[in-house]
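Taking the hints into account, I'd like the entire structure generated from these sequences.
Everything in the sequence shown is counted per this note's numbering, starting at 1 for the first residue and increasing by one.
The hints are simulated quantities; they were obtained by calculation from the structure and are not laboratory data. The beta-carbon is built from N, C-alpha and C at its ideal position, and this holds for glycine as well. Among the hints, erroneous ones may be present.
[Unchecked claim] In silico lysine-lysine, PhoX-like type, Cα no more than 20 Å apart, as pairs:
| id | residue 1 | residue 2 |
| --- | --- | --- |
| 1 | Lys245 | Lys286 |
| 2 | Lys285 | Lys245 |
| 3 | Lys227 | Lys245 |
[As the list claims (entries may be wrong)] Label pairs and their in silico Cβ distance ranges:
| id | residue 1 | residue 2 | range |
| --- | --- | --- | --- |
| 4 | Pro236 | Lys216 | 23 to 29 Å |
| 5 | Lys227 | Ser280 | 53 to 59 Å |
| 6 | Val192 | Gly226 | 37 to 43 Å |
| 7 | Pro83 | Pro236 | 28 to 34 Å |
| 8 | Asp81 | Glu247 | 32 to 38 Å |
| 9 | His219 | Asp240 | 24 to 30 Å |
| 10 | Arg253 | Val113 | 54 to 60 Å |
| 11 | Lys216 | His121 | 25 to 31 Å |
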Amino acid sequence: MHIYHLNRWQHSHDYIIEAGQNERNTRRVIFLTLAMMIVEISAGYLFGSMALLADGWHMGTHAVALGITAFAYFYARRKSDDPNFSFGTGKVAVLGGFASAVVLAVIALLMGVESFIRLIHPTPIQFNEAIAVAVLGLIVNLISAWLLQGKHSHAHAHNNHSHAHHDHNLRAAYLHVLADALTSLLAIIALVTGKIFGWIWMDAVMGIVGALVITKWSHGLLVDTGKILLDRDVNPEAVDEIRSKLEADSDTRVTDIHVWRVGSHHLSAIVSLVTHYPQSPDYYKKLLHDFEEIVHVTIEVNQGEGEPCLEVVADPSVKMQTPP
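In structure tokens, the structure reads:
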């Protein structure tokens, strides 16, 4: 009777990003955003400023989107060992980024429609009070951006190629904060020019400009996250590198290869190859040890038919197995 120790052949599917500090900072930003939302909505009603009222509700929708970010971190961490997720929960953060990008696009649309209506039907504004609250909102947004900036990407290079990796979930939160900051800045510009020159219409024009910029940010995030969710994100050059590395060994030829992302920073690969000098799958996995992103590899080895085309031996840098 044979007893197999399966743990030796099993490995973790925990491909989520270490998001401890990112998650804590996101919660702090949610608190700041909600607090500023209450201040702006209250001030909007008190001072009769549609600009502040609109910005306050915009911050409320951003708080919801930031909540999606925080929930994605929590869910991915809690379900990281759940066997129902075949390749782990690494894409949960990407899905959170995609959902936030959709919310960002809706916000831009609402901003554009609201600004167009205000352009046709301008409303009186109490400029001094509105400017003070808008400046406070900008300060809060800049603090929030500082908490999130610089932590949503890192660079990695191998084989003379550079690759940028993103925490798309945090990037979505960062873009929401930037959208808030942009809205506050444009509101300040509109309110100041309106007070000095009497150009009340500037408030609506700046709203339209802000909507266009936010739409561009949303589109970029939708494209980046959509590629990963649809498994078309991997650079063809990276796939060619993997193919070349395997085919440089003996007379090996790759007959089928699939490479896709299982998280923002991790790749999975399924490779079928044929050779007259077959080795174990582990042998070919070791040939790919330079590709740090690849965390899950399945290799199918097929015996070549007929006489070998090349009288060569396998890569001496990889330990060969003694045939039975």
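Status of each hint after checking the structure:
Of the supplied pair hints, the one linking Lys245 and Lys286 holds, its CA atoms being roughly 11 Å apart against a limit of 20 Å. A threshold of 20 Å between alpha carbons decides the hint, and for Lys285 with Lys245 the separation of about 11 Å falls inside it, so the pair holds. About 25 Å separates the Cα atoms of Lys227 and Lys245, which puts this hinted pair outside 20 Å; it is violated. For the pair Pro236 and Lys216, the beta carbons lie near 26 Å from each other, so the given range of 23 to 29 Å is met.
Separation of Lys227 from Ser280 is about 34 Å and departs from the stated range, judged on CB atoms against 53 to 59 Å. Separation of Val192 from Gly226 is about 39 Å and conforms to the stated range, judged on CB atoms against 37 to 43 Å. In this structure the supplied range 28 to 34 Å holds for Pro83 paired with Pro236, their Cβ-Cβ distance being about 32 Å. Restraint check, Asp81 to Glu247: a C-beta distance of roughly 36 Å satisfies the suggested window 32 to 38 Å.
For His219 and Asp240, the Cβ-Cβ distance of about 29 Å falls inside the hinted range of 24 to 30 Å, so the restraint holds. One distance hint, 54 to 60 Å for the beta-carbon pair Arg253 and Val113, holds here, with the actual separation near 57 Å. As the Cβ distance of Lys216 to His121 is approximately 27 Å, the hint placing it in 25 to 31 Å holds.
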